[in-house]
Amino acid sequence: MVDVTIIGAGVSGSAVARELSRYKVSICVLEKGEDVCSGTSKANSAIAHAGYDARPGTLMAKLNVEGNRMMETLSKELDFPFLKIGSLVVCTDSEEKEKLNDLLERGRQNGVEGLRIVEREELVRMEPNISDQACAALYAPTAGIVCPFMMNIAMAENAAVNGADFHLNTEVTGIRRIRGGYAVETNHGEIETRYIVNAAGVHADEIHNMVSADKMHIIPRRGEYLLLDKSAGNHVHSTIFMLPGKMGKGVLVTPTAHGNLLVGPTAVNIEDKEGTNTTREGLAEVLAKSSQTVKNIPYREVITSFAGLRAFEERDDFIIEEVADAPQFIDCAGIESPGLTSSPAIGVMIAEMIRDKMGLEKKENFIAKRKGILDPKKLSKEERRELIKKHPAYGNIICRCEMITEGEILDAIHRPLGARSLDGVKRRTRAGMGRCQSGFCSPRVMEILAREVPDMTMMDVTKCGGDSKLIVGEIKDRL
Amino acid sequence: MAEKYDIVIIGGGPAGLAAAAAAYDAGAGKILILERDRMLGGILNQCIHNGFGLHTFNEELTGPEYADRFIRKVEERKIEYKLNTMVMNMTADRTITAMNREDGMFDIEAGAVILAMGCRERPRGALNIPGYRPAGIFTAGTAQRLVNMEGFMPGREVVILGSGDIGLIMARRMTLEGAKVKVVAELMPYSGGLKRNIVQCLDDFGIPLKLSTTVVDIEGKERVEGVTLAKVDGSGKPIPGTEEHYTCDTLLLSVGLIPENDLSRQMGVEMSPVTRGPVVNESLETNLPGVFACGNVLHVHDLVDFVSEEAGIAGRNAAEYVKTGRGAGKESGIPVIAKDGVRYTVPSSIRPEFMNDRLVIRFRVGGVYRNCYISAYIGSERKIHKKCRIVAPGEMQQVILQKKDIEAAGSVENVTVCLEQE
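If you read the protein sequences in the order shown, they are chains A and B. Residue 71 is where the first sequence starts when you use the working numbering, and the numbers rise one by one after that. Residue 18 is where the second sequence starts when you use the working numbering, and the numbers rise one by one after that.
Since the hints were derived computationally from the structure, they do not count as laboratory data. Incorrect hints may have been included.
Said to hold, decoys possible - Calculated cross-link-like contacts (lysine-lysine; reagent style PhoX-like; alpha-carbon spacing at most 25 Å):
1. A:LYS447 <-> B:LYS212
2. A:LYS460 <-> A:LYS448
3. B:LYS99 <-> A:LYS546
4. B:LYS90 <-> B:LYS212
5. B:LYS340 <-> A:LYS459
6. B:LYS199 <-> A:LYS460
What the hints assert, rightly or not - Footprint (simulated), chain B over chain A, 3 or more residues, beta carbon under 8 Å:
7. 164-178
8. 199-208
9. 434-441
10. 458-467
We put the CB at the ideal spot given by N, CA and C, even for glycine.
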């Protein structure tokens with residue numbers, strides 16, 4: 071019997087796995103996708119929010135501020151990109167200026183440091199492309215940006231190195247109570263476990279409802295985004311928000327941790343929990359709303375658009391608790407924004423809950439540090455020359471747009487929880503994430519995957535697992 | 018220590034090869050071609066259809082055959098080249114940092130540089146096509162590589178968006194390899210490809226071409242399952258009620274080519290917002306002395322023959338620059354103005370003293386024009402007035418100016434290329 075089974079290897083599940091792997095406890099992580107970070111965690115604003123949005127006293131407020139405080143240290147420990155660039159909530163109507171003060175006050179109650187109101191003159195100096203209508207803004211110096219893929223993957227990898235057992239392509243189909251815990255039924259057989267952590271994102275209600283009579287309902291709230299080329303990455307220097315509304319924080323404009331410009335999201339409640347399609351209306355809305363806070367966004371430089379789903383729950387707060395009628399089953403549900411920011415704190419909170427319940431002891435041999443994929447761009451010319459001499463694959467550029475070498479792709483495939491698909495390689499190395507959007511490098515990455523992954527041929531290579539095969543046969547095979 | 022070359026050519030495709038051979042023949046000594054792919058020839062290697070070289074060789078060659086003619090020229094002249102080599106950085110004083118597996122990272126100092134990096138395809142994102150993001154969406158060129166170079170089928174039932182030449186060629190290729198190509202949709206009211214490709218690649222195979230039509234939705238969460246097309250109005254907006262659904266597993270995109278100028282921009286080459294290639298003078302020299310450009314990196318061509326011809330000019334001028342420093346310090350010339358239907362010209366300025374006896378000015382028009390005249394003015398005097406039954410954006414046009422006419426005109430303010438009704 072496994073001690074703890076975590077359902078979902080998104081940013082919450084992976085954070086829980088990592089924090090729990092500090093203790094002497096057996097951990098199993100079930101992920102229905104072919105890779106970690108393949109749901110909500112891969113498609114969001116990638117912001118480390120300061121924490122002034124959530125209502126004081128909520129879990130959201132507490133964990134947001136805690137998560138934000140942990141981010142810098144964690145990013146160094148686990149080697150993922152985090153840049154503290156600050157954020158601005160921009161007011162474009164002088165009659166609404168009072169709302170900035172409300173936010174400021176709320177932020178102070180939540181314990182956010184360094185908040186202040188900046189008037190137009192200073193605002194324009196900070197952000198020359200700010201809208202002509204902008205009259206003032208709330209400045210939060212502690213806000214930042216992260217690479218959500220690398221953060222999620224880093225936590226999962228580190229958990230795996232510390233003994234957590236990840237089962238990918240494994241979907242939970244049912245849960246039964248058994249003596250001392252639960253039997254988790256999956257498409258790959260059954261797992262017996264003492265504890266369950268339900269970190270299933272937009273599907274957390276389905277998992278919860280398998281064990282509890284007190285039903286939960288998660289509404290997928292779709293957000294559409296546009297991503298612009300790196301040539302547009304300096305259009306703004308901090309994350310620019312509009313004043314928040316009923317459906318959330320509105321459309322933001324921000325640089326990304328890799329130097330692109332990201333604009334979005336919309337907020338539309340939908341039915342389909344896999345409904346990550348973009349729409350004409352949604353993309354048009356992003357264009358229209360972004361121009362309220364930032365002017366002259368170079369939309370000719372858009373390289374891709376995408377949509378993510380927030381796991382919205384009616385209580386409008388994170389639900390992190392042992393379920394009343396299902397002991398040893400812990401929900402980690404309703405983790406919508408600021409979930410990414412909060413995840414490090416969520417991991418600690420749930421790990422400590424389980425520690426206290428099970429009386430766990432710390433491992434002596436916990437490995438806290440994780441080295442990310444070596445980025446040759448960060449080396450000096452000399453070091454790079456030495457590296458290529460030792461490993462010639464680092465001299466071979468595969469992705470021209472992002473200048474990613476074969477060496478990095480090999481590392482991505484062969485490290486713990488390594489990449490098994492084009493998207494897996496992309497999220498770990500950025501190969502295919504540039505302006506040509508994998509047009510040039512995808513056949514080459516496919517070749518490398520087919521060569522390096524045991525039992526994988528060109529025919530088996532997928533974009534993102536399942537039926538997402540890229541090649542359907544050989545030429546003339548049906549003639 | 019950085020190794021020194023007279024001329025370094027960035028890119029070993031048709032432009033780079035022709036430029037190298039011409040530079041050699043014009044007396045340049047130490048020439049080096051840097052090619053990022055595993056062989057010389059560039060994109061021609063995956064263009065296994067015929068129709069290349071009619072102007073140059075009076076023959077219809079396949080892409081690899083055409084490339085081979087020029088690769089031989091390079092080999093015969095023993096011009097040095099490095100394969101699998103990526104240029105990482107270039108500076109305005111022509112120091113090049115490149116990298117490959119064998120040599121690691123290394124610097125080269127070049128007397129002259131010829132930019133010949135070609136172009137790349139516009140991806141889906143540039144069009145903001147809504148829908149899911151499943152497997153099965155390929156640019157036409159990626160599909161061409163998979164089919165022609167690697168022998169794989171990227172799909173069975175295909176819809177193609179965009180009627181650029183690669184899209185048209187791939188409609189035929191996919192059909193010949195056993196796929197069903199259901200339709201080619203084109204956003205504009207005219208095709209972006211050559212007339213002969215529409216006839217030979219679509220009409221001959223009964224593949225419908227739908228103009229003023231675009232993709233408004235892509236279905237399929239893992240692999241493409243279908244697309245929805247709709248007619249568009251004059252401003253390119255879909256017209257409600259005109260939607261048509263197609264079941265397919267593949268969407269190929271042939272929605273335009275963009276000159277690959279990341280390196281040029283990095284080194285400070287001035288770019289044209291219209292061609293998205295460098296601004297050049299009559300010698301095909303950029304604003305940076307000793308840095309020349311030719312082929313699709315300069316402006317996207319229809320025919321490789323013209324790429325070779327243009328590259329020859331760049332090669333000869335680069336050789337001249339290295340030998341004599343010709344033109345250094347004399348950056349300004351007579352501007353060539355594109356107007357009235359003409360979108361741009363290459364070159365966009367002329368220094369008469371460095372002009373050959375005749376100068377080819379190439380350009381594209383902005384729309385379809387019937388029974389019009391292509392005119393060129395030197396100053397206010399009309400020197401060329403050529404009747405055309407039809408001109409379209411898909412076909413590059415040219416006018417040829419005579420050096421004697423420019424000299425005879427004395428000091429003129431500009432040269433103008435335009436379309437006229439009479």
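Next on the checklist: LYS99 (chain B) and LYS546 (chain A) were given as a pair; does the straight-line alpha-carbon distance stay at or below 25 Å?
Outcome noted: Between LYS99 (chain B) and LYS546 (chain A) the Cα gap is close to 35 Å, so the pair fails against 25 Å, i.e. violated.
Checklist entry - Hey, LYS90 (chain B) versus LYS212 (chain B), does the alpha-carbon distance stay inside 25 Å? => result Not satisfied, since the Cα-Cα distance of roughly 32 Å exceeds 25 Å.
Item to check | Coverage of the region 199-208 of chain A by chain B (three or more Cβ within 8 Å) | outcome: violated (count 0)
Checklist entry - How does the coverage statement for the region 458-467 of chain A fare against chain B, requiring three or more residues with Cβ below 8 Å from a Cβ of that chain? => result holds (count 7)
Item to check | 25 Å Cα cutoff - pair LYS447 (chain A), LYS212 (chain B) | outcome: 46 Å, violated
Next on the checklist: Check whether the Cα positions of LYS199 (chain B) and LYS460 (chain A) lie no farther apart than 25 Å.
Outcome noted: 51 Å, violated
Item to check | Residues of the region 434-441 of chain A with Cβ under 8 Å from chain B, three needed, outcome | outcome: violated (count 0)
Next on the checklist: Holds or violated: LYS460 (chain A) and LYS448 (chain A), Cα atoms, limit 25 Å.
Outcome noted: Distance ~17 Å between LYS460 (chain A) and LYS448 (chain A) Cα, so the pair holds.
Item to check | Given coverage of the region 164-178 of chain A by chain B, tested with a Cβ cutoff of 8 Å and a minimum of 3 residues | outcome: violated (count 0)
Next on the checklist: Just to be careful, I want the Cα atoms of LYS340 (chain B) and LYS459 (chain A) compared with a cutoff of 25 Å; is the pair within it?
Outcome noted: Violated. LYS340 (chain B) to LYS459 (chain A) sits at ~37 Å, over the 25 Å cutoff.
Checked against the numbered hints above, the structure violates hints 1, 3, 4, 5, 6, 7, 8, 9; every other hint is satisfied.
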